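From first to last, the protein sequence lines are chains A and B.
The first sequence begins at 138 in the numbering used here and counts up by one.
The second sequence begins at 4 in the numbering used here and counts up by one.
Hints are all accurate, no fakes.
Computed, partial: chain B to chain A, Cβ under 7 Å:
{"hint": "1", "residue": "N84"}
{"hint": "2", "residue": "L86"}
{"hint": "3", "residue": "Q107"}
{"hint": "4", "residue": "H122"}
{"hint": "5", "residue": "F125"}
{"hint": "6", "residue": "L140"}
In the DSS-like style, the derived pairs of lysine-lysine whose C-alpha atoms are separated by at most 30 Å in a straight line are:
{"hint": "7", "chain 1": "A", "residue 1": "K359", "chain 2": "A", "residue 2": "K280"}
{"hint": "8", "chain 1": "B", "residue 1": "K49", "chain 2": "B", "residue 2": "K104"}
{"hint": "9", "chain 1": "B", "residue 1": "K88", "chain 2": "B", "residue 2": "K104"}
{"hint": "10", "chain 1": "A", "residue 1": "K319", "chain 2": "B", "residue 2": "K88"}
{"hint": "11", "chain 1": "B", "residue 1": "K268", "chain 2": "B", "residue 2": "K88"}
{"hint": "12", "chain 1": "A", "residue 1": "K319", "chain 2": "B", "residue 2": "K104"}
Think of the hints as simulated: they come from the structure by calculation, not from any bench.
Values in this document were obtained by computation on a predicted structure and should not be read as measured data.
Don't be surprised by glycine CBs; every beta carbon is placed ideally from N, CA and C.
Spelled out from the first residue to the last, the chains are:
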Amino acid sequence: MQGVAVPVSLVAGNSIIHRLNPIAKLAWVVVVLVIAFMTRNPLFLLALAVVGLVLVTAAGIWRSFSRVMLILLPIGTSLIVFQAVAPAFPRPWTPITTFGPFTIYQEGIYSGLSLLSRAVSMTVFALVMIMTTHPSDLFTSLKRLRVPYVLNFMLAMTLQLIPVLQREIGVVMSAQKSRGMKSTGFGAVLPSFVPVFAGAIERVQQLSISLESRAFGSSGIKTSYRQVSVRPFDWLIGAMAVAFLIACIAIFLTNNFLDMSRTLVIPAELSLILVGLSALGFVGFVGSAIWLIVRA
Amino acid sequence: MTATATGPSGGPTIPRADAVFTGGPAMPRQGAVEVEHLTHVYPSGKVLALEDVSVSIGHGEIVGVVGQNGSGKTTFSKHLNGLLKPTSGRVVVNGIDTAGKRVQELAAHVGYVFQNPNHQLFATTVQADLAFGPQNLGLPEDEVQARVERAIEFFGLQHVRELHPYRISFPMRKLVGIAGIYTMQPAIFVLDEPTTGQDHVTTQVINTLIRRLRDEGATVVCVSHDMPLLADVVDRLLVMWNAHLIADASPREVFSNTEVMARTKLEPPQVTSISMQLGRRPALSVDDLATDLESNLTSVGVA
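From just these sequences and the hints, can you work out the full model?
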């Protein structure tokens, strides 16, 4: 029963991050997204992620946040391992050392770290926004920015449906366990996800009927019972996001996008430790997945 | 138990309930379910959902669990098959302490029928879905088939056995949901709101099925708001109020206890209210009231 669902939804709180206007937070998410795709410099991207972690601390959402970030573990470890031996990078590659039968390349380590730090930095900022913003507040704020009502509604509903589906998965897993289902891995997919998706489709059908019956799509000014104020501080944070983006673009354009793929020398020992630990984590994850399948 | 814990609805700390109302003299019971000083506090928000609940349910008994929303009914019932573990206290089902057992291990002993059948149906045909439980128990295929056939006959599912569960009506799905547990032949059935959203005919079918389950030797724990059903079918009612068990007595005794009814804001079945207003013993069904009135008329020489 416990620990089935990962809570990717609002974590109630009253921190400074919680109180910040949703648009200011969204601005930072978009800025980080743009920056993360403009540079491949892992140090810069990791620094961004660290800033994000400071925000996580300020928001007091570490518990829920870390559970979600665990999902990145197999992705991150596989990125390092596969990129190290087969870089997604133009040749020539510079060999650093060997790891069993495999050669580890400098560009591979660089590329793996780039992809990982890019994913982490974007995810951290996105989670800070999702976990500290009430979906209705985001809805109301986007409406002020004249985002089309239907698009706005779709975004808000998607965010609101995540916790609903998580609860549903928990209930369905309990129901199937009560029927003796021993699988917890892939063996549990069919008995658990058919009811969840069938229920989701049914819910969406009912929702669409309910919306139409309450005049969804009619013209006129839409109001909201939740009022979101924009304080000078919110403007400041939003402006800082824009300023940061402009500054980063300027730095990138004048410094070859901080590309260090050919200049950053990664010591062989450090590479081995990094790849070894990643391989261990990845094999551990794959092994436990296989064990769960076999046990099912 | 926990001084800082709040009530189920997040309200202030709940005062201890008075002694449990047990009606007449207690009958010696051979425990299918033994609950001793069960307390449960949900970790998120430290919500006290059950406090010091003790109850014994005998083999072959039909027991109803009633109370307002948030009183602890579902939390109590989820302890019976190990979906929840006691914060303190002990739950023993069919001689097995649930504390160290997984839900899957207890499934052979306690069958839990969820309120919404859609939460458990997934196979492409009704009969394949019925086979899911016994297959999980590791039974040989011929035994699985025998149980599926028995369940189809018991629940009258012959005409839908080849159909997809999502293509049959909701009341029929409810029956398939119960049948999916029946094929596992547990000693104890826990039914969560079995008649919610059901028409009168299906409610009567479920009423009959509960009796037949008992006739086959099963113990049935029925969590419900359906007072006429409970009045008609259960031997005992457990009344929950603000995380406490405040009454454990026959339906007749519970319905006639004005203090319990007032505190829990439960309404007895209409026929029970009418019989009490007539100054008769609390009737549990129209037939019961008719019989009582008939005997009264006979005794005064009118009939």
